[in-house]
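**Student:** With the hints as your guide, set chain B onto chain A.
The listed protein sequences derive, respectively, from chains A and B. Residue 64 in this note's numbering is what sits at position 64 of the first sequence, and the numbering runs on without skipping anything. Numbers given in this note's numbering equal positions in the second sequence, counted from 1, plus 1000.
Treat the hints with caution; some may be incorrect.
Claimed, not checked - List time: in silico DSS-like cross-link candidates among lysine-lysine, alpha-carbon distance up to 27 Å:
| # | chain 1 | residue 1 | chain 2 | residue 2 |
| --- | --- | --- | --- | --- |
| 1 | A | 159 | B | 1159 |
| 2 | A | 259 | B | 1034 |
| 3 | A | 32 | B | 1259 |
Don't read these hints as lab results, they were simulated from the structure.
There are 2 protein chains.
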Amino acid sequence: MAKDNTITFYDLALATGATISPFVWATKYALKHKGFELDVVPGGFTGILERTGGQTERLPAIVDDGKWVLDSWGIVEYLDQTYPDRPALIPHESVATLTRALDAWFWRAAVGPWMRSYCADYRDQCLECDKDYVTTSREIMLGMKLEDMQAGREERLPKISAELEPLRMALRDSPWLGGAAPNYADYRVLGSVLWLASVARTPPLSAEDPLRDWIERGRDLFDGLGRHPGLNTLYGLEPRDGDPEPFMKVGGAAGGIFKRNTGPASTQAETRKITAKA
Amino acid sequence: MAKDNTITFYDLALATGATISPFVWATKYALKHKGFELDVVPGGFTGILERTGGQTERLPAIVDDGKWVLDSWGIVEYLDQTYPDRPALIPHESVATLTRALDAWFWRAAVGPWMRSYCADYRDQCLECDKDYVTTSREIMLGMKLEDMQAGREERLPKISAELEPLRMALRDSPWLGGAAPNYADYRVLGSVLWLASVARTPPLSAEDPLRDWIERGRDLFDGLGRHPGLNTLYGLEPRDGDPEPFMKVGGAAGGIFKRNTGPASTQAETRKITAKA
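Okay, chain A solo, but in the shape it has when bound (with noise of 0.2 Å):
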């Protein structure tokens, strides 16, 4: 398997040359994380039936010693069923449950809204050859003229940001998402994020944002997977008078369930307010 630890991956790319789909970046990092050197075809979103032979319409592809296996999860399962004594990226069944779940918080919560906030600009840079197609495909997806659904998004991009308090939750208390190490909980996440950095052309997150240490940290991997020139600058989002804050200070809302209670001492303060004692 796996001739000179090399595997074919076609690339899904913008006219920068930074990957775009989300799902293509997940499985980039996966790649990597088993400990392969990639052999990249690159290409955007036209003709890849064509490029692919006739495999695929969508990406991401790999090719494994001759061996075609398509789909981000179909990839990943065959990366750890195939290679079991290289670090797993799906380290327990309970995992791959949960970041399904994850994945679609996410994406219902935040690349969902994101696509509608940066649909033209997504569109501006992608390869000249894709322009018609992404124009059209992406019109019929969301309904509507990609400027007039991109237009207002000063409006949305805080509220996006307010609602990931779940992600920065479960980052307090760990550096990955994975524990101690990433795993593709990790990456499915962060090909979204990379995704987000591929179109964004104005930022959709605070420069203070708790979730910049993870997202950084994660663009380090794998010799600066996440670095590639072509991405936008992620951070500087300012919220006007009047919208939300784009994260919670101490603690967030939800710190009540994520408090420890260690005893009296700990929970006195809350006590007293509650029971309105001064």
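**Tutor:** Coordinates of chain B only, in the frame set by chain A:
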């Protein structure tokens, strides 16, 4: 440790006898998962500090052969560390991190909004001696009279149910959040669902909700631990005209990220749609 395989468990219950707190429910399941018998100390909110001999103002709390352990996460960590030869509650550190994310999301999307929809029901089912404390503390937390906060819930309940799609998505391909068998991720969310069943005097979920199967299997565990007769019916929510669907039919809106690409035949219908080719 654990004389006669029994651990002392401080319960927190309503007048119905049903456990109320999500954290106490989750802990009850955790102890059973580790194979222990429970020596239950009954009681409500009033007098926890006295009942526990000054050890804590909050529950859950357990005593294992004289050793006090507080806090729902603290108890889970204690049980896995002290009894590593019994089934793990948290089989990998990534499961802890991802469960925190899932729990934070569920709290924000569902438990908080349900609390605001059932806060007067909650108080009405408390022990007589707890009613003043519950009224005062919850009115301070919620910033409003309980009856006023609860009013209009028929408007809100279908929307809360519609927000649960990430959990439905995770459980579509797996019997438990833990994978083939339940673990603390299941008990943590199930604890909140059982809290809901303890308070909800009008059903929060549709009879056809795909989560029903997982919830009911969870209630069956450990000789029907989640089948206390004081619990209310969870199913029977009927959306009115104009309400959102309480759950997604046929794969869900986020289906795109969960469909498997197995080659062009699996994607060509979508391709025709998004390229506007009939």
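**Student:** So, for every hint listed, does it hold in this structure?
**Tutor:** Structure-based check of all given hints:
1. Distance restraint check for residue 159(A) and residue 1159(B): the Cα-Cα separation of roughly 18 Å lies within the 27 Å cut-off, and the hinted pair is therefore satisfied.
2. At roughly 24 Å between alpha-carbon atoms, residue 259(A) and residue 1034(B) fall within 27 Å of each other, so this suggested pair holds.
3. Our distance criterion of 27 Å between C-alpha atoms is met by residue 32(A) and residue 1259(B), whose separation comes to about 24 Å.
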